[in-house]
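J.: Quick note, the sequence shown lines up with residues 55 to 236 if you use the numbering used here.
Because the hints were derived from the structure by calculation, they are not lab data.
Glycine included, every Cβ here is placed at the ideal spot set by N, Cα and C.
Just so you know, not all the hints are guaranteed correct.
Claimed, not checked - So the derived label-pair ranges between C-beta atoms look like this:
#	residue 1	residue 2	range
1	D128	A66	13 to 21 Å
2	V69	S231	15 to 23 Å
3	Y185	R233	50 to 58 Å
4	S61	V180	36 to 44 Å
5	M198	L70	34 to 42 Å
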Amino acid sequence: MMEKDRSSRKTAALVLLAAMAMTLSFVEIPLIQSAPWLQYDPSGAVSALVSLLFGPWVGVAVAVCSWIPHLVADPLGAFMNIMSASSLALTVSAARGKSDAPLRLAAACLAAVAASAAISICLNFVVTPVYLGVSYDYVAATVMPSLLPFNIVKSSVNVTLAAVASVKIKDLLDKRSRRERD
55 MMEKDRSSRK TAALVLLAAM AMTLSFVEIP LIQSAPWLQY DPSGAVSALV SLLFGPWVGV
115 AVAVCSWIPH LVADPLGAFM NIMSASSLAL TVSAARGKSD APLRLAAACL AAVAASAAIS
175 ICLNFVVTPV YLGVSYDYVA ATVMPSLLPF NIVKSSVNVT LAAVASVKIK DLLDKRSRRE
235 RD
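Take the sequences, apply the hints, and build the full model.
T.: Below, the structure is given as structure tokens:
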């Protein structure tokens, strides 16, 4: 009976977190005036948090679900955000592994920022010319002043929020499970 109760709580938590990520995907904050199409949204933090708590592929599933409503109006933007959030969630969880060591989590966060930024910049060379109707030279010229800083800031904020929240949530869950055993 207790196992079924835990499974129900886990499912409820995942549904709530997926709904939170979906809602937060509509919060769009432009960070760079010269590139107004580059907008920060905090939904990636929720995907990364889910991946740290429940595993990398669950985090990827939340990342994909959070951008489904955007596929109709902005399929290319949704695709870019799915890839960015998925690479962040997958990398931070896989690089951290089963370790709860703070240094391992910090290294996983750095790896996730690097992976997400690299994937996003590479995809910009394919998507941005189609999305904005610009040349590859234009995209190449925006890497250093716009794309790289934006993707590093976006990924860093998201993975930092996820890491801090995951540590606090794991502490709460550990205290609760100890209380239930006693």
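J.: For Y185 and R233, compare the CB-CB distance with the range 50 to 58 Å and indicate the outcome.
T.: Holds, at about 51 Å.
J.: Within 36 to 44 Å or not, the Cβ separation of S61 and V180?
T.: holds (41 Å)
J.: So does M198 sit 34 to 42 Å from L70, Cβ to Cβ?
T.: For L70 against M198, whose Cβ atoms are near 39 Å apart, the range 34 to 42 Å holds.
J.: Does the beta carbon distance between D128 and A66 stay inside 13 to 21 Å, or does it fall outside?
T.: Violated: the Cβ-Cβ distance is about 30 Å, outside 13 to 21 Å.
J.: Could you say whether the range 15 to 23 Å given as a hint is met by the Cβ separation of V69 and S231?
T.: Given about 21 Å between the Cβ atoms, the range holds.
The structure fails to meet hint 1 from the earlier list, while all remaining hints are met.
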